[in-house]
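Once you've looked at the hints, dock chain F against the given chain W.
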Amino acid sequence: MKLAYWPGCVSRGFTPELHGSVAKVAPLLDLDLVELDRAACCGAGVVAEHNQELVDALNARTFAMAQAVEGAAGMMNICSTCQGAQSECQERLDASPEYRAEVNSHLKPESLSYERQGDWWNKNFLWILVEEIGLDALRDKVKRPLDGLRIAPFYGCYIVRPTKRLGFDQHPERDQYIEQVIEAIGGEAVDYAGARKCCGFPVITMNRTTSLRQAGRHLADAIDAGADCLVTPCPLCHLNLDMQQPAAASYVERDLDIPVLHLPQMVGLALGLEPKELGMGKHVVSTRDVQRKIAQLAAA
Amino acid sequence: MADYKLKLRRFDPESGNAAYWADFDVELPPERSVLDGILQVKDREDASIGIRCSCRAAICGSCGVRINGKSALACNTRIGDAAERGRDGVITVEPMGNMPVIKDLITDMEAVHWKKIRRVVPWLLPKEEAPEGREYIVPAEAMLDVTQAMACIQCGACVSACLSMEVDPEFIGPAALAKAYRFVGDPRDGAHEERLADLAADEHGMYDCTHCFACIEVCPKEVAPMSQIMRLRRKATGDYGIKDDNNGYGHEKAFVGLIEKYGTLHEAQLLPRSFGQGSLIRGQTEPKAVKQLVESLPTGVRGLRTGKITPRKALLHPKLPDQKQVRRIFKEIHSHDERLELNLYIVGENPADEEGATAEGSQES
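Taken in sequence, the protein lines are chains W and F.
Under the working numbering, the first residue of the first sequence is numbered 1240, with each subsequent residue one higher.
Under the working numbering, the first residue of the second sequence is numbered 77, with each subsequent residue one higher.
In isolation and in its complexed conformation, chain F is listed as follows:
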């Protein structure tokens, strides 16, 4: 048994009072959970504390909170570990972020999480009639690809941690986009291209992920939502060539094209090429692209004024000494019929155990 200090965020909207912190002492063995600690306080000191929980085994996804600022399931976090990470040993527990608070540690999952999940049409749109007399199953190879997205328990931890949603509440977000990949990667679904085109066209869609890894870090089930978002983008541009108005397609084409040409990034060309769907000429002539270029102009001028950017650097970019070799690698890999991918969720990632790891080709050709 050990003594722990819990600092809980309390809030009751009906009281008319602002949220406040309340301190409690609990006594538990270190291997018990933060949820056990909260329930002990509720049992012994204050029954009015609001917390949502059910299974206590990281399956139901009900007890998502922020522990010492980090989104997690309270039942899946050892109280001893939390105390080690807490400032001065104090464990802070707050409701999840990016969602309205109903009471104390209970957030309104309906207002944000479920609304966004519904946004991506989270059901199968079959491309053919289901076979009669047997189960309509996903082929094993394709199952490998969607298993990771299917592991989601809808706890909302990733939504709570999402740094893009923090400044743009309308961003579809990590959980819903991972759910979208679950169907885009499912060969039984007949609406892959429509789904991707929809998510690419949305101003708050799949191109608004800022690569911050917060969702990957907090997910209790290793769904790696950001990796699923990258897969959506890869399929949208690589397999379907979907051009969007958010420069998602253009940015990828521009960046990859510049590395193929020069080996390192020619920054001065990245913006115009991104605005021109990968083309420098389109980026400097199409009205919409020019408008965006003009918007970015003051930044460039400031760079020139401080000597950060020189006219020479803006116009000329040296190729790597062995750029021919880099181009050869691009050509070799782009000529594959299948993209070679290694998903560590499937093969394991323990470098000591090399036996089980094999590369799986992706299903799209």
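Chain W on its own, in the form it takes in the complex:
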């Protein structure tokens, strides 16, 4: 399947292991990715807070570039925040031809235009896995079932709310997909309080206490539920849950030390890739315990 691919900012910034693991995993899933390397930031909610027309123009430009990729089934993103921020813009652009024309007027000098096409979509890798590839096809591709690995899903707010904007009427189980993927690749999904709560990242500069209490609390809940690791489709969540984890520990006054995988890393492990190929050494919280379990699986 050919896809226009928007990697986002953070996957090429502070979570390079995410961008790298998508590159490794895509061919194994028969995904032919055409990277949109001229597209700009989705705005992550902040540009929307600043100016709606501006964020809609930036994302209309990205959508237009994606629509121009010949033979692409749609556009793929790898970040919950990109998904939510872009869906918000797409909802407005699709709702009014007059507004869309106004926004498109800014794209004219580049001969670009976002057209409302009923069947055109922009989906996170998670949605692609379940809706386009399918859980059965994924199950068939598994080379190393993650047998016995207890994985706690962490969705990221932007990919689960608001359900009305995010296509839950057509796909009501979008807030169950991570669990479904974990089970399809042989792991065990851990049920805990924080899976669909906020990681706290958006307020890390404004209120460090609130931000790290949120991250710390969800990590602690996952540990208490017996998780070996967390998995997230959102690199911004990853920043707060992994990179800030040592700091978060002091805000909840307990030890944490639980690894956080990116979704493509987890899928890559099941498809037979090695932890090193998936950049699992580039995490702040060591992934060695997960790696050890994976090595035992290989030996068994």
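Check each hint, because a few of them may be wrong.
Residues from chain W that face chain F, not an exhaustive set, calculated with beta carbons under 10 Å [claimed, not checked]:
#1 1249
#2 1320
#3 1331
#4 1342
#5 1359
#6 1376
#7 1396
#8 1400
#9 1441
#10 1448
#11 1482
#12 1520
Stretch by stretch, here's where chain W covers chain F in the computed footprint (C-beta under 8 Å, at least three residues) [said to hold, decoys possible]:
#13 312-322
#14 340-346
#15 370-377
#16 405-411
Simulated from the structure, these hints should not be mistaken for lab results.
Here the structure is a predicted model, which means the values were calculated and not measured.
All C-beta atoms in this analysis are idealised placements derived from N, C-alpha and C, irrespective of residue type, glycine included.
Coordinates of chain F only, in the frame set by chain W:
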């Protein structure tokens, strides 16, 4: 008629006992409400169950609870739908979150919700004498802008669901901030700037919203409190240039400025620029900014140690190949006299019905 299983959270503080779950069976057609189910149990099995309700038509806002963990009005939730979403078909009903429980499903709205509503001065501070001999009305264009915030029925569902308040009970919260926008968007009010400056300066004010969309998801009246909070911020920074000590102004300036400059986010500069009201130099020289930078330093060092961040990446950030075009878009849009906004609450959001949707310019120039 169908049979449903209700699992109610019971608690009586005067008993000295801990809260517990109680199971009940009810018989109702699926289109009836969860409230109808609770009232049937109260009527037939246990009259001591505490639930607050009045209109049963999603107008009075009294019966806010959490159904299967999600904040909602009990009268506005079909029992058949709730059973479909409940684990193994069992419908759990708990009191709202983020508030003390008075008894069973009744929460203390006064202790949290109303206290916070009063915090934002929820009345008009007129900028001029009301005209004599006629009603003092809001012009129609401005009404479009505040109608959404005015639709609030004070049920507290958003307060119950707020994930920021869950870790910071002092956060002013979604309902009160939506109420604040109702007056900040009202042209008759004469205290827009003072209101915004107050909410920006508060350590638990409008910059503590974490963009989690929980309030938007649960609101039975589509007030979208988080969208109103974003409007407060937009006016505070864009129209009044209000600089606060919480880095709210700095964060927006820094983020937007970096995208204008590079096209994608230069993460290494986001923190110092945010701490320096958007300026990299101020962020690395002003004592308060430096203190915050030092606090974040261990995180950066850990990033460098693991190879997540390289010194090169921290210092240099590539511009997009067509960054000139991105800058042109920024310039074009910033040069507008009015911000162009499309509020789907007003124009409708059914893509099949394109006729009614038109863009409304915001009222602030």
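Self-check item: Violating hint indices (sorted, rising)
Solution: Hints 5, 6 not satisfied by this model.
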